[in-house]
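A.B. asks: Sequence:
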Amino acid sequence: MSEIDRPGEMSDLQGEPFALAIDAMGGDGGPDVVVAGLAIAADRHPGARILLLGDESRLKPLLVRYPKAAAICEVRHAASAISMDMKPTAALRIRNSSLRMVMDAVAAGEAAGVVSAGNSGAMLALAKIIVKTLPGISRPAMAAISPSMKGDVVMLDLGANVACDWRNLVEFAVMGEAFAKAVLGLPAPTIGLLNVGAEELKGDEKLRQAAEVLRESPLASQFHGFIEGHDITAGTTDVVVTDGFTGNVALKTGEGAMKMASGLFRKVFTSSLMGRVAYLLVRPALERMKDWLDPRRYNGAVFVGLNGVVVKSHGGTDAEGFASAVDVAMDMVTHDFNDSIRARLLPMASLTANRSNVEQEHEAVA
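So the sequence shown is residues 1 to 366, counted in the UniProt record's numbering.
Be a bit skeptical, because a hint or two may be false.
In silico DSS-like pairs for lysine-lysine, Cα to Cα no more than 30 Å straight-line [to be verified]:
1. K267 to K128
2. K181 to K206
3. K181 to K252
4. K267 to K87
5. K150 to K202
6. K132 to K259
7. K150 to K68
8. K150 to K267
9. K150 to K87
10. K128 to K150
11. K181 to K128
Quick caveat, the hints were computed from the structure, so don't treat them as lab data.
Produce the complete structure using the sequences and hints provided.
C.D. replies: In C-alpha cells form, the structure reads like this:
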C-alpha cells in the first residue's frame with residue numbers, strides 16, 4: 001500500500017476498516033472527476049476513510065491539488081483499468097484492475113462498499129463473483145432514485161435482470177424497502193408492483209403471485225398493490241418494483257421525456273422576442289425546477305442484494321454527480337443497509353418456501 005502526504009488527523013483513523021473502496025479509473029472523466037468528486041464528498045463526510053484504487057502516478061498530483069480529498073483518502077496502486085466497452089468475460093480475467101481490486105477489498109472485509117463510474121456489465125459480473133449475493137437473495141438488482149411529484153422514489157430492477165419470476169419480485173420489494181429507509185430516510189416506505197393496470201386481475205401470473213406473497217408478509221401494511229406507469233412520476237408509492245426489462249424501459253423513457261421537455265422549453269423561450277421576455281419573468285421558477293430535476297442529484301444506481309454496498313455512478317457524470325454517488329454509498333453503509341435486508345428476509349423465507357412447494361405440486365399434477 002502506498003500513502004500520500006495528508007493532514008495529521010488521519011492518523012487517528014489508521015487500522016479502522018475503510019468505509020468505501022473507490023475505483024478512480026472508471027467513467028469518461030477518470031481520476032480527474034473522481035478526485036474532484038471526493039473533495040466535494042469530504043465536506044459532507046469528514047470522518048470517512050476512503051481506499052482509492054488506481055494509477056498512483058495520476059492520483060498523487062490530483063490529491064495534492066484537492067487537499068480535502070487527500071485528507072480522507074489512502075491510495076493503493078492498480079496497474080490496469082477496465083475500459084467502458086470491455087466485455088464482462090474479459091474483465092473477469094484482469095486481476096490487477098482498479099475495478100477488480102475494489103471488489104476484492106469488500107470481499108476481504110477491508111471496506112464496506114464500492115463506488116465506481118466504470119463499465120456496468122463488468123461491475124455486475126465482478127460483484128456477483130467476488131462480493132457474492134446475500135444468503136436468501138437469488139439475484140442482485142439495480143436500484144436508483146427518481147424524482148416524482150411527491151418527492152423521491154426508489155425504482156428496481158433497472159436492468160440487471162431482464163426476466164424475473166415472482167420470487168425475484170418479492171426479493172426486490174424487500175431490498176427496495178430497505179434502500180428507501182437507508183437513503184431516503186423513510187420509516188415505513190410504501191411499495192407498488194408495476195403492472196399494466198391497478199386491478200388485482202391484471203398482469204401475468206408472476207405479478208399476481210408476488211402480490212399474494214407480499215400481502216401475507218411483514219410488508220403487508222406497506223404494500224400498496226399494483227401501480228401503473230403514471231404512478232411512478234405521481235409518487236403513488238415510495239418504492240416501484242418491476243423486472244429489469246420493464247424498469248430499464250421506464251427509466252429511459254422518463255429520461256427521454258425530461259430531455260424533450262427541456263428542449264421544448266428552450267425552443268419556446270428563444271424563438272421570439274416575446275419568448276425571451278417571458279423567460280426573464282419565469283427564470284427563477286425554471287432555475288428551481290432545473291435544480292430539482294438535476295440528474296446529478298439522482299446519480300448513483302445501486303446493485304442491491306450483495307454482501308456489501310456496490311454503487312454505480314453514471315460514466316459521464318461530473319464531480320458533483322460523483323459526490324452524489326458517494327453520498328448514496330455512505331448512507332447505505334451508515335444505516336447498515338444489508339442488516340436491514342437480512343432481518344426482512346428471515347420471516348419471508350417460510351412464505352416463499354410454502355408457495356414454492358405449492359407450485360411444485362401443481363407442476364407434478366400437470
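A.B. asks: Next, verify each hint and record whether it holds.
C.D. replies: Hint-by-hint comparison with the structure:
For a cut-off of 30 Å, the pair hint linking K267 to K128 is broken: about 45 Å separates their Cα positions. With a C-alpha separation of about 26 Å, the suggested pairing of K181 with K206 holds against the 30 Å cut-off. The straight-line distance between the Cα atoms of K181 and K252 is roughly 25 Å, inside the 30 Å bound, and the hint therefore holds. Under the criterion of a C-alpha separation no larger than 30 Å, the hint pairing K267 with K87 is inconsistent with the structure, at around 40 Å.
Pair hint K150 plus K202 holds up; C-alpha atoms about 26 Å apart against a cutoff of 30 Å. For the suggested pair K132 and K259, the alpha carbons sit about 36 Å apart, so the restraint of at most 30 Å is broken. The straight-line distance between the Cα atoms of K150 and K68 is roughly 35 Å, outside the 30 Å bound, and the hint therefore fails. Pair hint K150 plus K267 holds up; C-alpha atoms about 28 Å apart against a cutoff of 30 Å.
For a cut-off of 30 Å, the pair hint linking K150 to K87 is broken: about 39 Å separates their Cα positions. Proposed proximity of K128 and K150 is contradicted: the alpha carbons are some 34 Å apart, above 30 Å. Taking the CA atoms of K181 and K128, the gap is about 24 Å. The hint holds against a cut of 30 Å.
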